[in-house]
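Visitor: Mind docking chain X on chain P? Use the hints.
Chains P and X, in that order, give the protein sequences. For the first sequence, counting from 1, position 200 maps to 200 in this note's numbering; every step adds exactly one. For the second sequence, counting from 1, position 21 maps to 21 in this note's numbering; every step adds exactly one.
Mixed in with the good hints there might be a few duds.
Any copy will do: because identical chains look the same in the list, a pair fits if it lies in one copy or spans two.
To be verified - No farther apart than 30 Å at their CA atoms in a straight line, the calculated lysine-lysine pairs in the BS3-like style are these:
{"#": "1", "residue 1": "K74", "residue 2": "K215"}
{"#": "2", "residue 1": "K74", "residue 2": "K418"}
{"#": "3", "residue 1": "K154", "residue 2": "K418"}
{"#": "4", "residue 1": "K116", "residue 2": "K192"}
{"#": "5", "residue 1": "K121", "residue 2": "K74"}
{"#": "6", "residue 1": "K116", "residue 2": "K74"}
{"#": "7", "residue 1": "K418", "residue 2": "K215"}
{"#": "8", "residue 1": "K74", "residue 2": "K228"}
To be clear, the hints were calculated from the coordinates, so they are not data collected in a lab. Every value quoted in this text rests on a predicted model; they were computed, and no experiment measured them.
There are 2 protein chains.
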Amino acid sequence: MSTRTKGAVLIADGLGDRPVAELDGRTPLEAADTPYLDRVAAEGECGQMDPIAPGVRPGSDTAHLAILGYDPFKVYTGRGPFEALGIGMDVQRGDICFRCNFATIEGELTLTSDGKFTGAKVADRRAQRISEGTHDLAEAVNGMTVEDVTCYVKESVEHRAALVLRGPGLGADVSDVDPHDADAPPHGAEGKDESSRKTARIANQFVLRSWEALKDHPVNQQRVADGKLPANIVMPRGAGIAPHLEAFAERYGVPGACIVETGLIAGIGRYLEMTVPEVPGATGGMDTDELALARAVVEMLADHDFVLCNLKAPDLGGHDSDVRGKMVGAQKFDNLVAAVLDGAADEVHVAITADHATPISFGDHSGDTVPIAICGPNVRPDSVRSFGERAVVAGGLARIRGSDIMPILTNLMGVQEKFGA
Amino acid sequence: MSTRTKGAVLIADGLGDRPVAELDGRTPLEAADTPYLDRVAAEGECGQMDPIAPGVRPGSDTAHLAILGYDPFKVYTGRGPFEALGIGMDVQRGDICFRCNFATIEGELTLTSDGKFTGAKVADRRAQRISEGTHDLAEAVNGMTVEDVTCYVKESVEHRAALVLRGPGLGADVSDVDPHDADAPPHGAEGKDESSRKTARIANQFVLRSWEALKDHPVNQQRVADGKLPANIVMPRGAGIAPHLEAFAERYGVPGACIVETGLIAGIGRYLEMTVPEVPGATGGMDTDELALARAVVEMLADHDFVLCNLKAPDLGGHDSDVRGKMVGAQKFDNLVAAVLDGAADEVHVAITADHATPISFGDHSGDTVPIAICGPNVRPDSVRSFGERAVVAGGLARIRGSDIMPILTNLMGVQEKFGA
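So that you can see chain P by itself, here it is in the shape it has in the complex (with noise of 0.2 Å):
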């Protein structure tokens, strides 16, 4: 008797907002003209959610984590690895992930037997904050092996930088390289277990070569010409092991997909072996093509059970307080939702709601909660008629978390084990 379904989670990220006195009070989401995400909260379920818990503010990284079902709570220790994600590496379980400064050092670096830096001191942590020629410093140090241990290194915003060191036998108890003040040397990393010691003794070394490699390179060649301090060190702090989160397919039984404009969102999907297939014309701007998004929705849910689409529009419109930006962000959400209705199967549940709040008036990630909706063959309809802050709290499905997603829907979809008898 019981039937499978497929079900597929559209979130438009940040779509969450407070009154604007400009819109009479409306949210821009009330004020938009979005007649398919009024059409599913019409034929469907609705509510408010917590991505995280009541009033916490949500990370896109903890938000996503959440409602893929991962307790973000016990999940996201040491940001090293979410941090390496959010900039795009590649991520495995067991990696040993840092955060990294490029920094100045001045003097003639030596590593000693006993793992302790002599010779040089930080002149600045931050190498005057550089904001150019990072991405080929990085290129320099990256790859590099030390041992039977891989360091990739990729550059992030300005001075900021994540080295992930990928090899057998490594833990994460591992104190900074960075020691936090100008003026000192570098210090040695010290671990407090045998692999952590490793970890140690390898980060050591790619230090000390990250020195070699950086110090008459080009860019700082040009830094020293242009009368700048060279970033001539990396330096890396935070250690954490990339942690052990049960593949998606496994926890839920059924094979997944994202379909995701952002390097973060994309590596936590590749990071529990889901399908993240990479979408022509999604730009992660204003400018993205929404439509080809919802194409690669359909597409996938021809043999994939579940697939979760964000789109990011919305969210620029939040964090620039750009009232018409995000009123068009949420008209692109509309289109985008219209097209996988229009397109995937009537059976398939959708749900559509936001991994967070991105209010005008604050220009940041809130922790105001965000409407959802899910319509589809099994859910029982409820009163509300369109999909806003306030509509929806008149909804069945009252006011519900991020964790709540995946058990509600697997319920739906009919794939879901029984806990007990």
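Guide: Frame of chain P, contents of chain X only:
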């Protein structure tokens, strides 16, 4: 000033449902004529309940544990004890419980002094899914004593059975006797610590003696004469220790009773040392005498502060996808509630709800919310006027969990200790 009242939770098993096309999109509960359920809703406070957690598909066992205030995520580890309870066995704290198969072995089984089986191999782990005669086979080995341990055996469906070991100093960290493969000898159970090694020794002796008792049993002589494989051994697996659950009266400070129709829930009630009387006329079927159940509730309320009652009938219609049957089940629940309201004192707080949904369209337990309403002198009546999955959405209880019922009820009853000063 504070006056104590009593409380009852009346549970319509599997009552929750989804819209049914032949009922014009209403659920069976919404379509059934249930004036007394509506009276409770109108006079009381209503809401939705997730028996376990949003979206999670409950078993009857896990749902009742949660409703009685015992977190199934903590106590429902290792299915052995609840499986044994589920087939109506007496299980006591500290008992070691196994799931078992009646199986077929070929050869002359011997047990070496170091606990290994030799001389015989498994020919069929399920004895051709034997379906008849297992009660007699179980009786032939039930009650056996090995050292100072008593071995209780009861048949379940087909080739399945449960084994309960009761005696001093037993542990549960024991490997399976069932080799999970044909053509292998039974595995000698092994224990990981001293108490578990005792369990392993007892289990191995039990297995050897089960073969001695069953190999020439009349049921098996007949099977062989009919050209079938004999069910000549009991092979245990999945050991679990019956958890320490605080008795109901200890936890809540008041005596409680269970008026239920199924062995599994009766077993949970007995396990919590609640009063679990036999109710003549309670069949667990559609022909059950719901008024006899109601009378038993009223009688138990005379000397118990709390009574839980479960009417099985609505669940049967759900499992059979029988719309009319499920509506009859809802009406029987209405009769039961009417008789309790009529018979019990006015100051009793009565909660009506379900342990889970068993939707017509799904034919099994689902993770949808179920409606709940509580009436009595201390509730704050809300605007809801009828008892249905969607009518209760607007109610004052909003969306609660099964584990919230006992705190809410003992609060209304005025029997709960204050947390803090």
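Visitor: Return the numbers of the hints above that this structure violates; sort them in rising order.
Guide: 1, 5, 6, 7 and 8
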